[in-house]
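These protein sequence lines map, in sequence, to chains C and B. Under my numbering, read the first sequence as residues 4 to 347, first letter to last. Under my numbering, read the second sequence as residues 2 to 207, first letter to last.
Any given hint could turn out to be false.
[Unchecked claim] List of simulated lysine-lysine pairs, DSS-like, C-alpha gap at most 25 Å: (1) B:K49 with C:K284; (2) C:K259 with B:K46; (3) C:K259 with B:K21; (4) B:K110 with B:K203; (5) C:K58 with C:K162; (6) C:K342 with C:K284; (7) B:K46 with C:K284; (8) B:K3 with B:K60; (9) C:K259 with B:K203.
Since the hints were derived computationally from the structure, they do not count as laboratory data. Since this is a predicted model, take the numbers as computed values, not measurements.
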Amino acid sequence: MKQASSSLLDNCTSGGCGAKIGAGELSKLLAGLPVLHDENLIVGYDSSDDAAVYKISDKSYIVATADFFPPMVNDPMSFGKIAAANALSDIYAMGGKPITALNLVCFPQSMDMGILREILQGGAEKVAEASAVLAGGHSIYDKEPKYGLAVTGIVENDKIIKNDTPAIGHKLILTKPLGTGLVIAALRGGVASTEAVDKAVATMERLNKYAAEKMQGFCVSACTDITGFGLLAHALEMASDKVSIALYPSEIPYIKEAYQYADEYLVTAAGQRNRNHLEGKADVNGLPFALQELMFDPQTSGGLLICVSSEQSDDLLAAIQADDLAARIIGEVVKRESKIILFQ
Amino acid sequence: MKIIDALGKPCPVPVIESKKALAENGADSVSVKVDNFAAVQNLEKMAKGYGYEFSYVEKAADSYEVAISKGGKERPHEISSDNTTSNVLQNGTASSGLAVVIGRDTMGKGADELGKILVKGFIYSLTELPTPPKHVIFFNSGVFLTSAESNTIDDLKKLEEKGVEVLICGTCVNFYNLQDKLAVGAIVNMYEIAERMALASKTINI
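Can you build the whole structure from these sequences, using the hints too?
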């Protein structure tokens, strides 16, 4: 069995989006901050959307986001690609197009600088694939390596797609399989198969650009990308206080090995925090335990969750599947019921 | 009772170590020290999932002691031989020889014509190795090499005669509509492929 060098992972205690501060914790933190009003700030952190949107003219808006985290895989080049794909994703989820990116780097003084070069190389490749330009960055010494990007994108007025405006009757498309958090955890525990890691790395390195480009021209009412809060917490954000979301459990795409790891209770702390956050809002008890865990699983560079009109959903799915085979229609938006997330 | 110090160890390490301890012969209970409540809850899911007794004490905000007792119930059955991870989990370094994994019908990057000659040469060379591989696994366009029309069939049959297990990805065979054309090997699913790869002491990817 192929054994990757473990130097990157040995140097950090938590990796990928699993390192994110929990959704509940974050809401509490932000609630205490003063909110400065600026009429040009169209989407700010008060709406917990994927990226900030700022109006610069009647037609043009800036989309701004930053994302960085500790390594979740051993290969530095892969880590760079994954971190960049993850940071760029927020721009795509807002309907925007990335234009510039800045490297955000924390790196131990004692570690081999060749590793950092590979991380940056991987990131630069993804920025180029996104047709954006690397414009600089900031790097500091730190005990544990971390990497990511601050990305600026642009979006035209009528193309902004928020994450909490789903229309009742619309269908939900998920563009990538769930389970990357479980595979990363199994890797960290030394029990992941090479095959599972390869699958997870491939999906994490994948840009959401292609699925986002397909959305153009379709009647899309909301979109978000699935990251550390897991499918259900992101669906909860999407439903906000207006609607409920009914998911089709049998349609949810996942990495097969991740299901197996979940069945063996090789689950993450972040996944459990996501479960706690959904307490009382989604009744998962009727579902197989492994599937529950997959829906709570913190995703790194996860797929887009796209809310599209039901008449157009098959066409959009077919278009997305041409490049992203795992994409599925996984649910629909319904009127508000007592539970926010339902299962059909 | 075995005591496991999992302070500072991220999930799922506390669960993995607890399961290992509980799977040992004669083991009935473990005490696990963890530093966050999510880890306590993850141990609880595992314990209750197997029908074990579970309790915990909060010593401080970042210090918990979890007690899990099998109460006569079976050892954690996840450590079985029917999947990849468990074998690795149980045996540490499981080993069953060389696995050659062929995911394309050509070898190397460049002209396809050359790649096809090379892969034929490679498979022939496998038949000449003093110790043949334990498994040769075909997936994606690699499955074409196992069809009756392939010029590698004779060498693959020779490998089978030498006791090499020739395995073919069923999904791929269906995808390329080769069901009626296979001339060698056995169709397997991805679990079986993953299992063979994980158990192999060495893997060669083509």
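(request) Starting from the hint list further up, note which numbers the structure goes against and sort them upward. (result) The structure breaks none of the hints.
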